[in-house]
Amino acid sequence: MFTPVFSCYRTVQFSYEGESIVGIAEFFQHLMNGLTLGGIYALIALGYTMVYGILKFINFAHGDVLMVGAYVGLFLFDLLRGSSPLGLWTIIAFFIAMLISMAFSAVLGVFIERVAYKPLRRATRLAPLLSAIGVSFILSNSAAWMFGTHSRKFNYPFDNTPVHLGDVVITPHQILILVVSLVMMIILKLFVDRTRMGKAMRATSLDQGTAMLMGINVNRVISMTFAIGSALAAVGGILIALDFKVYATMGTMTGLKAFVAAVVGGIGNISGAMFGGILLGLLETFGVAIFGIPTGLKDTIAFGVLIIILLVKPEGLFGKVEKEKV
Amino acid sequence: MFNFFLLILIYAGIYALMALGQNIITGYGGMLSLTQAGFFAIGSYATAILATRFGWSFWATLPVAALLSAFFGLLIGLPTLRLKGDYLAIATLGFGEIVRNVLNNWDSLTNGPMGIQRIPMPDLFGFTINPYKKYAFLFMLVITVLIAYLLFQRLARSRMGRALTAVREDEIAAQSMGINITKYKVYAFILGASVAGIAGSFQAVFTLSVTPGTYTFMVSIMVLCMVVLGGMGNFKASILGAFIIQLISYLPQLTGLSSVIPPQFKQILFGLILVVMMIWRPQGLLGRESNRYGKKAAKSKGGAE
Numbered sequence: 079m080f081t082p083v084f085s086c087y088r089t090v091q092f093s094y095e096g097e098s099i100v101g102i103a104e105f106f107q108h109l110m111n112g113l114t115l116g117g118i119y120a121l122i123a124l125g126y127t128m129v130y131g132i133l134k135f136i137n138f139a140h141g142d143v144l145m146v147g148a149y150v151g152l153f154l155f156d157l158l159r160g161s162s163p164l165g166l167w168t169i170i171a172f173f174i175a176m177l178i179s180m181a182f183s184a185v186l187g188v189f190i191e192r193v194a195y196k197p198l199r200r201a202t203r204l205a206p207l208l209s210a211i212g213v214s215f216i217l218s219n220s221a222a223w224m225f226g227t228h229s230r231k232f233n234y235p236f237d238n239t240p241v242h243l244g245d246v247v248i249t250p251h252q253i254l255i256l257v258v259s260l261v262m263m264i265i266l267k268l269f270v271d272r273t274r275m276g277k278a279m280r281a282t283s284l285d286q287g288t289a290m291l292m293g294i295n296v297n298r299v300i301s302m303t304f305a306i307g308s309a310l311a312a313v314g315g316i317l318i319a320l321d322f323k324v325y326a327t328m329g330t331m332t333g334l335k336a337f338v339a340a341v342v343g344g345i346g347n348i349s350g351a352m353f354g355g356i357l358l359g360l361l362e363t364f365g366v367a368i369f370g371i372p373t374g375l376k377d378t379i380a381f382g383v384l385i386i387i388l389l390v391k392p393e394g395l396f397g398k399v400e401k402e403k404v
Numbered sequence: 020m021f022n023f024f025l026l027i028l029i030y031a032g033i034y035a036l037m038a039l040g041q042n043i044i045t046g047y048g049g050m051l052s053l054t055q056a057g058f059f060a061i062g063s064y065a066t067a068i069l070a071t072r073f074g075w076s077f078w079a080t081l082p083v084a085a086l087l088s089a090f091f092g093l094l095i096g097l098p099t100l101r102l103k104g105d106y107l108a109i110a111t112l113g114f115g116e117i118v119r120n121v122l123n124n125w126d127s128l129t130n131g132p133m134g135i136q137r138i139p140m141p142d143l144f145g146f147t148i149n150p151y152k153k154y155a156f157l158f159m160l161v162i163t164v165l166i167a168y169l170l171f172q173r174l175a176r177s178r179m180g181r182a183l184t185a186v187r188e189d190e191i192a193a194q195s196m197g198i199n200i201t202k203y204k205v206y207a208f209i210l211g212a213s214v215a216g217i218a219g220s221f222q223a224v225f226t227l228s229v230t231p232g233t234y235t236f237m238v239s240i241m242v243l244c245m246v247v248l249g250g251m252g253n254f255k256a257s258i259l260g261a262f263i264i265q266l267i268s269y270l271p272q273l274t275g276l277s278s279v280i281p282p283q284f285k286q287i288l289f290g291l292i293l294v295v296m297m298i299w300r301p302q303g304l305l306g307r308e309s310n311r312y313g314k315k316a317a318k319s320k321g322g323a324e
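Protein sequences appear in the order of chains A and B. Here the first sequence stands for residues 79 to 404, where the numbers follow the numbering used here. Here the second sequence stands for residues 20 to 324, where the numbers follow the numbering used here.
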């Protein structure tokens, strides 16, 4: 059966139990926690937003690709590490595991697209959505069947003793999240803005028909989109797994929040997704820490944000207003 | 064994109510809602709390459950239904999780993860309908499903059903024909929600206890599967789908292979059903029910409007 999603989302590292009066140090502490959480959301949100930009549909299975990526990363890391003590090799092993997991997830994403979404490209709007929900269910339950419903610990590849910078406590893991997500986003941004393939992707998202007429292989662009999005999801999955463990339904809630982040930034807009992710991470952290929202209801913050954005500015903060054509 | 079959029929009946609601939302309105479990939970808890705390009879809690679900349907529907369909799926999914989250955390009202036990059995004309003796309960449920089916069937042929069909096929065209699309979408959503609330009431008095763990996302997916498998836009098919899906989910126990078949078997199968049906038979087993006006309808239904 479904493992309860919420019980697994205790604030382990990201929240800091402090006094209610907010000092400067505490503010920076929460800022740091929010930024790291937001960085992960942003990585995952990119996959939603890129697929939506091109195919105009929500890839419900994205969160479960994240989960598969985390499992692959976990198994590979444990395999590569063996029993060696923490050190340079474990860090190298971690990154090798991450790269292979990215490749695996990319292939999985492309495979899912070919099998479950491509035949439905000309069907009604509802069809690919339903198919995606089906894929999501197959993935999460297959994982629960194969790997069990218990959650597994993803061991830190380094000594995760917090570093004190004045009153602010930063864990090496948080630094890892910030560095990796920043590097990934810069690479993606350069790829989309500067390369031929990136140009083709932008053209396809603007107008698929015209892009096709201009000699762009749209199928290849779509496959590429799924590959990149899934690879980024794998990174997000591994980064979040270091704190929240790996389990079969880990993708559900994380994926949902990342989707909210994508909507907040304006779905289809790559920079918007990055911004939306970080904003959502900050809102969640500050919502619990400063505005006193009970930790048990932390997960509802994202949905509150979603509803408000949909009511006030449905195209998102950086999205363009889409006029429907007849 | 026969008793077990009755149990499956009862669950099929409870889920058929939800499937009818899902069908009017998804099959007729073309909106993908993923929160039947949320409304189901609201209905169950309404009955459970009113019956245990205030001593209301089951029949008095039924309309409250329906109205409360409808109210939450309105609450979630109004902001999201004005937008493109995809957002609705996420917003409703989120709503379902919020409901469970709140039920788990609001200890003073819902008793948290422990749930509420010892819900009184329903009475009917002085008889106590004991859920352990399944016949009477099944009979009560069959009548309810039948009433719901007839109501929805009439509704689908009314002005509202035609408006919804138009909205599903082409929102802009429907709007330019003077149909208030938000209004009809919200109506459909409220109807679907309230019938799920009623299903929740029956669930509460059948199991005689409610816990938040019952109302997972899995329930919403099962209901969706029922509608998709049977055929979207066909109420008979939804009931058939409910029966087939319940049969599938109890297949390991029915065949006595529950030790061999992994517990995730049915969920994986539901996922496969969704994908396979969409690719090879998007109209479902029975297909969409065509609106037969005029003579044929008059003959088969024994009376024209």
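Calculated directly from the structure, the hints in this document are not laboratory data. Careful, some of the hints might be misleading.
Listed below are several chain B residues computed to face chain A (Cβ distance under 7 Å; list not exhaustive) [what the hints assert, rightly or not]:
1) L51
2) P98
3) Q272
4) G275
5) L276
6) V279
7) I280
8) P281
9) I287
10) P301
11) L305
For glycine and all other residues, C-beta sits at the position ideal for the given N, C-alpha and C.
Going through the hints against the structure:
no.	hint	result
1	L51	holds (5 Å)
2	P98	holds (5 Å)
3	Q272	violated (15 Å)
4	G275	violated (20 Å)
5	L276	violated (15 Å)
6	V279	violated (13 Å)
7	I280	violated (10 Å)
8	P281	holds (5 Å)
9	I287	holds (5 Å)
10	P301	holds (6 Å)
11	L305	violated (17 Å)
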